[in-house]
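K.L.:
Sequence:
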Amino acid sequence: ARSALCLVAILPFMVVGMGAQALILRFWRSAAGTLPRAFLWWVGKVLGLRVVVKGRIARAAPVLVVSNHVSWIDIIVLGGLVPLSFVAKSEVAGWPIIGTLARLQRSIFVDRTRRAMTADIARSIGHRLVGGDTIVLFGEGTTGDGNRVLSFRPALLASVREAMSASGANGIPILVQPLSIVYSGLDGLPLGRADRPSVAWYGDMSLGSHLLRLLAIGPIDVTLRFGEPFEVTHGDRKALARRLGEEVRSMAAEIANGRPHSPAAHSMPD
Numbered sequence: 019a020r021s022a023l024c025l026v027a028i029l030p031f032m033v034v035g036m037g038a039q040a041l042i043l044r045f046w047r048s049a050a051g052t053l054p055r056a057f058l059w060w061v062g063k064v065l066g067l068r069v070v071v072k073g074r075i076a077r078a079a080p081v082l083v084v085s086n087h088v089s090w091i092d093i094i095v096l097g098g099l100v101p102l103s104f105v106a107k108s109e110v111a112g113w114p115i116i117g118t119l120a121r122l123q124r125s126i127f128v129d130r131t132r133r134a135m136t137a138d139i140a141r142s143i144g145h146r147l148v149g150g151d152t153i154v155l156f157g158e159g160t161t162g163d164g165n166r167v168l169s170f171r172p173a174l175l176a177s178v179r180e181a182m183s184a185s186g187a188n189g190i191p192i193l194v195q196p197l198s199i200v201y202s203g204l205d206g207l208p209l210g211r212a213d214r215p216s217v218a219w220y221g222d223m224s225l226g227s228h229l230l231r232l233l234a235i236g237p238i239d240v241t242l243r244f245g246e247p248f249e250v251t252h253g254d255r256k257a258l259a260r261r262l263g264e265e266v267r268s269m270a271a272e273i274a275n276g277r278p279h280s281p282a283a284h285s286m287p288d
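Residues in the sequence shown are numbered consecutively from 19, following my numbering.
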């Protein structure tokens with residue numbers, strides 16, 4: 019019953035919103051981030067997502083937010099906070115509903131099977147940053163089970179170097195900001211190690227069945243922890259990937275156990 023009510027609440031707004039967003043992108047591009055943010059905020063409320071934000075997203079300069087990735091729900095949670103765009107795998111563009119929303123939000127799609135395109139994608143991200151966009155990159159390149167933060171992939175962090183190069187003449191600082199996403203509660207109860215995978219979307223899970231399962235369960239608590247943004251002064255993407263991975267991993271563990279954690283640990287406790 020709850021699943022049907024949620025879909026009834028979302029679908030009419032989605033149909034109207036997609037048409038309106040298409041017009042905004044054509045005639046009023048500067049306001050392109052406003053409607054997706056409002057719509058995703060509404061979807062989050064309908065789905066019962068209860069978001070706690072620690073820290074704040076940098077707004078003073080172009081920022082690349084680099085985060086761990088647990089579920090497609092991450093996009094709803096983050097997209098409802100501030101106007102932003104995502105770097106997403108190319109398959110997302112073909113997904114029903116979500117793919118259309120991602121395109122209207124000006125997401126940047128990456129075909130991970132065509133490595134020759136990586137440099138072009140990095141340049142595209144870099145130019146979007148220089149243009150003042152806030153871009154979210156999921157550093158692991160895939161979703162995890164909610165208990166571990168996987169190693170961050172350096173390839174697309176080349177976009178920072180491209181942005182530095184493009185902005186050099188204008189003196190525009192490019193900021194990078196780590197973010198940890200932890201699904202911390204379900205139906206009012208804390209989520210421990212054994213339960214976090216029930217909310218995560220990973221492996222060969224079907225999107226449709228995962229959505230229906232989430233619609234059937236109680237409210238989900240999500241904790242976001244924004245780290246301190248920093249300006250990148252060199253182009254060593256491997257070192258940047260290690261630093262960001264360690265910070266995201268440390269903040270995720272801090273959320274899970276309520277106290278500071280060494281970046282060396284890779285798993286979150288109960």
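Hint data in this document are derived by calculation from the structure and do not stem from the laboratory. Keep in mind that the hints are not guaranteed to be accurate.
Said to hold, decoys possible - Below, a list of computed lysine to aspartate or glutamate pairs in the EDC-like style, where the Cα atoms sit at most 16 Å apart:
1) 72 x 205
2) 63 x 272
3) 107 x 129
4) 256 x 158
5) 107 x 138
6) 107 x 158
7) 63 x 246
Predicted, not measured: the structure shown is a model, and the values here were computed from it.
K.L.:
With reference to the structure, classify each hint as holding or not holding.
P.N.:
Hints versus structure:
Proximity of residue 72 to residue 205 is assessed by CA-CA distance (about 21 Å); at most 16 Å being required, the pair is judged violated. Between residue 63 and residue 272 the alpha-carbon distance is near 26 Å, which puts this suggested pair outside the 16 Å criterion. For the hint linking residue 107 to residue 129, the alpha-carbon distance of about 6 Å falls within 16 Å, and the restraint holds. For the suggested pair residue 256 and residue 158, the alpha carbons sit about 13 Å apart, so the restraint of at most 16 Å is met.
With a CA separation close to 15 Å, the supplied pair residue 107 and residue 138 stays within the 16 Å bound. Simply put, residue 107 and residue 158 have alpha-carbon atoms about 12 Å apart, close enough for the 16 Å limit, and the pair holds. Using a Cα cut-off of 16 Å, the hinted pair residue 63 and residue 246 is violated, with the two alpha carbons roughly 28 Å apart.
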